[in-house]
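Trainee: Please put together the full structure from these sequences, using the hints given.
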Amino acid sequence: METGSSTVGNDGSNSFTGSSLKEGAGIHYGHGSTSALGGAPGGRAASAPLMGKLFEPTLLELSHPGRRAWSLRTTGVPMYPTEELIPPEHTRRQPLGLPEVSERDLVAHFTRLSHRQFSVDLGAYPLGSCTMKYNPKLCDEVVALPGLRDIHPAAPAQLTQGWLQLLCNLESALCTITGMSAATLQPAAGAAGELTGLLLIRAWHEAHGASRRRILVPDSAHGTNPASVSLGGYEVTTVPSDSRGCVDIDALHASLGQDVAGMMLTNPNTLGLFEESIVDIAAAVHDCGGLLYYDGANLNAILGVVRPGDMGFDIVHLNLHKTFATPHGGGGPGAGPVAVSERLAPFLPGPRPVRNEDGSYGWEIPSSSIGRIHSWHGNALVLARAYAYILASGGDGLRRIAELAVLNANWLRKRLNGVFEIPFDRPNMHEVVVSASSLKRAHGLRALDVAKRLLEEGFHSPTVYFPLTVDEALMIEPTETESPQTLAALADALENIVMQAEANGPDAAREAPRTTPVRRVDETRAARRLRLTADMEPG
Amino acid sequence: MADFTPHTEEEIASMLSFLGIESTESLFSSIPAAVRLAGGLEMPNGISEPDVLYEMTALADANREKLVCFAGAGAYDHEIPAAVRSLASRSEFVTSYTPYQPEVAQGVLEALFEYQTMVARLAGLDVANASLYDGASALVEAVNLAVSSRGDPGVWISAGVNPRWRKVLSTFAKGSGHKISLMPLVDGTTRWADPEPGQHSSSHEASQTNPGSPGALPESLGAVVVAYPNYLGCLENLSQARSLADRTGAMLVVAFDPICSSIVKSPGEWGADIAVGEGQPLGNPLGFGGPYLGILAARKEHVRRLPGRLVGESIDVEGRRAYVTTLRAREQDIRREKASSNVCTNQTLMAVTAAIQLGWLGASGLAEVAVASSRAARYCRELLCGIDGVVPLSSAPTVREFAVYTGVPASELIGRVAEDGFLAGVALPEELSEGRQDGLLIATTERRTAAQIEGFAAAVERALR
Ligand SMILES: Cc1ncc(COP(=O)(O)O)c(C=O)c1O
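Quick note, the sequences are listed as chains A and B, same order.
Heads up: take any position in the first sequence, counting from 1, add 13, and you land on our numbering.
Heads up: take any position in the second sequence, counting from 1, add 130, and you land on our numbering.
For the record, the hints were derived by calculation from the structure and aren't laboratory data.
Among the hints, a few may not be true.
Claimed, not checked - Calculated pairs, DMTMM-like style, for lysine to aspartate or glutamate (alpha carbon to alpha carbon, straight line, at most 20 Å):
hint: 1; chain 1: A; residue 1: K150; chain 2: B; residue 2: E179
hint: 2; chain 1: B; residue 1: K196; chain 2: A; residue 2: E154
hint: 3; chain 1: A; residue 1: K427; chain 2: B; residue 2: E152
hint: 4; chain 1: A; residue 1: K453; chain 2: A; residue 2: E508
hint: 5; chain 1: B; residue 1: K196; chain 2: B; residue 2: E584
hint: 6; chain 1: A; residue 1: K427; chain 2: B; residue 2: E155
hint: 7; chain 1: B; residue 1: K196; chain 2: A; residue 2: D163
hint: 8; chain 1: A; residue 1: K150; chain 2: B; residue 2: E185
Here the structure is a predicted model, which is why all the values come from computation and not from measurement.
Mentor: Structure below.
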């Protein structure tokens, strides 16, 4: 297999061809090489990968023995010999194998990687359900404040009054926004909030002497919902949607029973439609003793318009990394606070930040707490960003955010009418789900092809194949931060893709994308010849 | 008042007329009037950017920030170099979503591949996932993996595992039904196979059937969990834990410290099946506890059961090397209620940061950080234990963290020493200090100078007088 060729990419050549790679040959993944100066790994400061001409070698391939970036503080601490510090039976013998690079190469490498990465700051990211709105720079500044950033989480309350006040203020703002009475800020993401909510449901029923087995989840729900239900020790009962894309009320009634612990719902739902029967749904679930859980991933649509608490929900998780503009970080971090109605407050995770009678702040464990769910207090710096965003927006601004998010999505729906099939063509909320099924029938093109072709136009693609209830789904969420001009350009791009397919056949879309740093990636190969680290021989 | 929406009033009007409606209010006509919020949210109106900064600065100023940090307990005050801060705050990394479209996400994907490689090497294991929320969530996921693949809910966990992580594990065990038995620490190391009566925290389903009644080794277990170094900073011999796992068919889960592991045996060297850890020390700020980084690494044979995202190497249609998330069929969006984990959003940016930090340090730098941290700990321990009334809590070897009794309740001592500008450490829970309240856990990093350590020891001495 090893051909002995030079380390790919490091010598500036583009010998890394498809054919040689298909045999798995020609790649050298060592920590440096002995090739002559100039061809040696490390220091290839060219931006060729930016142009898609080459791939970017990994940091491990850029490693050059003896090179280093680090320098540490001069401390004056006695230089105890290492043998004295670590007994021999505890000493590591395995080599560490970390890369050896100069700071210049490190910076060049990650900067080139960043140039191979789409982001909100680069352009519209209409990824349905993900609420990829603009992330204000103001919040970057906030979390760089040393008085927030450099605080140890175990520092006692009397030394962290500012943080505790911030958390209490955020909790109360979130309660106002959701119409609930108390919240935990510990969950690190939406899914962690869901599982927390399910454990709250469990604790509630146990405290009332009931053991219930099932949780109802609509068929249009996000995958984390049913996964969380299982981890919460419950069984999932899937409730089908009706012909209007909403919870089928008859089926709901048929599914309910004394063994139902609760129901999870997002409203507006994942089709971007408001569940108009929400009051009846809430009554039906409550009538049989169940609790109603709100998946807050879609809260952006209803900020200041209607509150989950007023709709009858008992437990709400929020995705601060969606609604409250904290950046997604390439997949995280997020924050998934859970707010509850008064009767559930005693069960919340603890310790919780609280305001004492004398106006100072401290920690408290609720009387029937389900326990801790985070190593510390939650993703605190993400919480600080969200709080700054809420302060900046205010009650009036939050309402305007919802209005413009819904306006943008409706404008797109109307504009795309006739371009794509719109399975539920009526006023929607913050997102619209269209279907590429007619393209599939006519040209054999799939939602995925449309998504890939859109990348060539400089837009991120919508979410595809979700919700599962729509064939060839393209789920588009423009958010309120995109201008009417951006919406028009996005719609034009989508329309062109369809017109091009109709005029010239499906090839352009099938071959897309051609202008991105890499083109379509062989996912089957990735799974079959699994290579998850530079040390794994593709199996 | 700060406004991040671009629309002018004219544009709004023209969009509304395109939709054939009169006001933005009508956008919400599908919402039943009975539940709508009349009169808007009861909160102040928006304020300008400088006003927000002013308010947030006031909150920041209400924290005591300049304390010289001797606290650890899973969160460490390491140096974060300028290059790492700068690269990790590039908005291409910060403002992108999960890399679902690999053609435009090679930056994050390749950085995660590097992270997976470096973390697997640190742990001495074959594979690592692309991050979980924090140390506690990595522990929970590892135990879930062990229990589900071994088909046994029994979990033996050392009291040396971070007590807050153990609490999180017990919280989630109420849903998953694990049967957890706590193994006490004696002189800083775990005493196995002898759970203290009353120390079983059991699931809702099987609260009567504790595995391993005191002294007895159960025939089968799902997981044996131990920390290295443990919460008291001590190194213990893990061969007993390994053989316990072998005899019960359990997986050995080792909670490790990514900094210390550069100089002490890796989880892999001890024979761990799964390693979990808190990745905060790899370039992420203290940040009052988050966002941090849950590390999970494992042997190759468990790869199809791993929780969370995995990035794999492949090629694009032109044969160019390319990265993509792989083995996706494990995950919740495909598996739904049958998924072994519900994790979706993780801590990618912290993982990317860790990759950058590990790149900046390299092998020699990381080991130097660990050595400098332990030298500082040794010096600090010597000075403190020279003070009348201060005694070490155990005789087991320690690395960069250690515990002492001081004779004064730890929370009180921390308060007193703070007045001299030091964060003295973390108060030990009574379960780890023989019921005493004067157990103090102290950590040092490569940032602590001799002068700071000497000043700290003098402050402790004054406080104890
Ligand atoms: C509708 C819905 N519910 C739940 C989640 C899960 O949230 P998270 O990714 O923060 O765990 C998401 C986000 O992906 C979502 O879109």
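Trainee: Please name the hints from earlier in the document that this structure breaks, with their numbers sorted from lowest to highest.
Mentor: none
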